[in-house]
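J.: With the hints as extra help, turn the sequences into a complete structure.
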Amino acid sequence: MNLANRFRFIKNYLGRELEVRHFPPSLEIEVTNRCNEDCIMCPRHLLARPFGRLPFELLEKILDEVEGRVELINLFHFGEPLLHPQLREMIAACKQRGIRVLITTNGILLNERRAAELIDSGLDMLVVSLDAASAEVYSQIRRLGDFEKVTKNVETFLLLKQRTGRGPHVQVQMVSLRFNRNQIDDFVARWKGKADSVRVKHFYNTAEIGSVINEPIRTAGNKPRPCLLLWREPVILCDGTVLPCCVDMIGEKPLGNVNQRPLMEIWNGPEIVDMRRKHVEGRHKEIGLCRNCHVFQYHWASVTGSLLFNDLTLRKIGSFLENRKVSKSNVGNPL
0 MNLANRFRFI
10 KNYLGRELEV
20 RHFPPSLEIE
30 VTNRCNEDCI
40 MCPRHLLARP
50 FGRLPFELLE
60 KILDEVEGRV
70 ELINLFHFGE
80 PLLHPQLREM
90 IAACKQRGIR
100 VLITTNGILL
110 NERRAAELID
120 SGLDMLVVSL
130 DAASAEVYSQ
140 IRRLGDFEKV
150 TKNVETFLLL
160 KQRTGRGPHV
170 QVQMVSLRFN
180 RNQIDDFVAR
190 WKGKADSVRV
200 KHFYNTAEIG
210 SVINEPIRTA
220 GNKPRPCLLL
230 WREPVILCDG
240 TVLPCCVDMI
250 GEKPLGNVNQ
260 RPLMEIWNGP
270 EIVDMRRKHV
280 EGRHKEIGLC
290 RNCHVFQYHW
300 ASVTGSLLFN
310 DLTLRKIGSF
320 LENRKVSKSN
330 VGNPL
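Under numbering that gives the first Met the number 0, the first residue of the sequence shown carries the number 0, and numbering increases by one thereafter.
Simulated from the structure, these hints should not be mistaken for lab results. Using N, Cα and C, we set each Cβ at its ideal position, and we do this for glycine too.
Calculated cross-link-like contacts (lysine-lysine; reagent style DSBU-like; alpha-carbon spacing at most 30 Å):
#1 Lys-200 to Lys-148
#2 Lys-94 to Lys-60
#3 Lys-94 to Lys-193
#4 Lys-193 to Lys-151
#5 Lys-94 to Lys-10
#6 Lys-191 to Lys-94
#7 Lys-200 to Lys-151
#8 Lys-277 to Lys-252
#9 Lys-252 to Lys-10
#10 Lys-191 to Lys-151
#11 Lys-193 to Lys-160
#12 Lys-10 to Lys-200
#13 Lys-252 to Lys-200
Restraint ranges, calculated between C-beta atoms of paired labels, are given here:
#14 Glu-207 to Asn-267: 27 to 35 Å
#15 Asn-213 to Phe-308: 35 to 43 Å
#16 Asp-184 to Gly-281: 37 to 45 Å
T.: Now the structure itself:
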């Protein structure tokens with residue numbers, strides 16, 4: 000069933016269909032928008048919506064609609080998922096429906112007890128954002144965290160996974176910024192062979208935060224391909240609001256709310272159809288969210304891979320290709 004949905008997804012994207020017949024292959028569901036960090040590349044200071052957390056009943060409602068269709072759920076968007084007291088139960092609920100689960104964490108709360116809970120929950124992939132190879136640089140980027148504590152938490156998780164012989168794919172990642180670009184090689188060397196994968200990714204200019212931190216902005220150019228994410232992966236906030244993609248961190252383009260309408264109705268609603276139309280017609284710069292975004296310029300290999308592999312596998316192997324792109328683009332870049 001997932002393969003048939005995946006085929007419809009690629010067919011609809013390549014056919015530039017504005018109204019689609021496929022469910023999104025993956026979903027990003029925000030379990031909370033609260034966070035225990037203060038990162039320089041995060042537009043948290045622009046967040047206008049109230050703080051909250053996803054009710055378990057709302058997750059069950061979403062799962063009732065997407066079971067057997069959506070392949071992967073990322074229980075993360077604009078907050079720290081380990082702050083949700085029912086995270087383990089939420090992961091288990093997704094797994095019971097046959098859906099793979101990913102979470103991204105800053106690692107501050109990833110102590111041995113929480114590590115054991117995540118392993119027992121059946122979590123498929125754990126991404127830990129570290130962003131530095133030294134405490135000095137880490138403190139410039141992640142201003143509330145403790146570098147030594149977080150790295151120890153990751154190492155403890157990896158040891159527990161090794162000892163039990165089970166557990167999720169563990170990926171450590173850094174966002175390439177002017178603060179840390181000279182540490183990319185050290186970061187990769189530090190975790191290669193320990194974590195299951197290491198990801199170095201480009202900075203995403205969400206909510207135009209690049210101008211605040213004086214970070215060079217990469218864009219997709221004047222005539223990019225239509226954004227794959229508009230056919231692939233919407234976001235559901237902890238209050239049920241649906242957003243078009245993960246780049247919409249602060250909720251600039253609300254499409255509807257799953258408390259009032261089915262996800263598939265929203266997924267084909269006038270707001271997202273209009274966005275797809277503008278992308279197909281090369282008018283993406285008319286959309287404020289997309290104007291200075293480079294994320295949607297996917298390589299054709301990613302499109303082909305979306306048909307051949309499930310979304311979890313794509314995330315595991317995609318970091319290798321992304322690391323090569325980031326390394327090449329940073330040659331000669333001033334720090």
